[in-house]
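J.: What follows is the residue order along each chain.
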Amino acid sequence: MTQKEFLNIVTPFKDKVFRLAKRLLVSTEEAEDATQEVLIKLWNNKTKIQEYKNVEAFSMTMTKNYCFDKLKSKQAQNLKIVHSNYEDKQTGLQKQVELNDSVSWVERIIEDLPEQQRMIIQLRDIEEYDFDEIAKMLDMNNTAVRVSLSRARKTIREQLTNTHNYGIK
Amino acid sequence: MVLNNIEKLLEKYENGETSLKEEQVLKNYFSSGNVAPHLEMYTPMFTYFLKNQQEQFTKDVPLKTKMKLNFRWISVAAVVLIMLGFYFGASLRSDELGTYDDPELAFNDFSKSMEMISKKLNKGTSAVGYLNEVNKGTSTLGYLNEIENTTSIIFKK
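Top to bottom, those sequences are chains A and B.
Start counting the first sequence at 1; every next residue gets the next number (our numbering).
Start counting the second sequence at 1; every next residue gets the next number (our numbering).
Isolated chain B, as found in the complex:
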């Protein structure tokens, strides 16, 4: 009875008409150990199928959680950074030197700095004083004209 059934199933199996359940019946039958002698050639086939189901993939899969660099947002960040730089940089490097609250103190400091300026200016003018010497030199050169005059008189005669 069972054998008859199996033979029928095998025929259906070869025509590709068996359902998964029927195929399971066949696999069970051929792996049970007591197979009818004339069907023995099917055993390796079904054992192979069953054996192959157990083969596993053992290698690790390297899953990289790679951060995709989004250049659009990077450029936005860069612009913001530059603008902040300008803003704070400008406020830090302002030309203000501070003011005085006490007028007397302010006057003192002002006169002090004026004194300094005048000192420096005097130094400058004293250096310029040497120019007078140059003028003297040129005035002595003026005598050369006298000589020229006299020589011209001589040659005319």
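This is chain A alone, in the form it adopts within the complex:
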């Protein structure tokens, strides 16, 4: 398999891999490293790539496992403090700031969710996979995915309502 063929396979979902990694690892740099790692692993096993039924789902599972490993490793424990995701938000029009702020609330709320719910929100609401695919990727059953997703969505809504109505963060 040439590099070009490999890139053709990988390009459609490499952004999804990156976003899932970022959802779990929070920091962009870490997520980039994780994505690279996953893609390199795929490349090194390129002879077996034809055997995989669904390369995309397989890569997502790989990403999930890789990120969990990262989070468990001691290295990540140290990094967590460093990458607290302090972004330098651009100041613009009042409206823009407001919107940006409320959007970043969502990000913060999602960050506080348990890892599994975070992943499911990511895969469903952002990447728009169907339930069967998510269940396969995360090695769960269909109903468990639904329940988790429902819980996550409710939590987000509750918190958003709080911030929206009473300004409580």
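Just so you know, the hints here were simulated from the structure itself, not pulled from any lab data.
Even for Gly, the Cβ is constructed at its ideal location relative to N, Cα and C.
Keep in mind that a hint or two might mislead.
[To be verified] Covered stretches of chain A, as calculated for chain B (at least 3 residues, CB under 8 Å): (1) 18-31; (2) 38-46; (3) 125-135; (4) 159-166.
Starting from the known structure of chain A, fit chain B onto it as the hints suggest.
T.: Relative to the frame of chain A, chain B by itself:
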């Protein structure tokens, strides 16, 4: 009507029962700009989802086409090389010095080399000739026996 529909969809959405299409309807509604005031808290959520879909991985992936060294084939190549070395080396370093076709020439060369050999041999024997001197020396030593004889005669008496 539309609002009613959206509210129903939102409820289904929270229970995780919406299909992807229905979720798309919700996303479109909340990004359209005219959202009903009592549903406004959902807007950031859906905008966030839409915004996040656009985030891209920009870093390059270093794909190394690393040649795996196959040691089995390397060893085969090495053996072949060694055998070729023996084969050609042996044929290049053969002890043959060539032969003569003309007998007269061969005779001339042979006699020449024989002459050389005899010369060298004579030199050797002439060096050996010095051994005669040694013999002479030992024969003179023989006189010492005479002396011994005479002295023995003397002491007997």
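J.: Does each hint fit the structure? Answer for all of them.
T.: Okay, the hints, checked on the actual structure:
1. 18-31: Result for this restraint: holds, n = 3.
2. 38-46: holds (count 3)
3. 125-135: With 5 residues close enough to chain B, the hint holds.
4. 159-166: It holds, with 5 qualifying residues against the three required.
Checked against the numbered hints given earlier, the structure satisfies every one of them.
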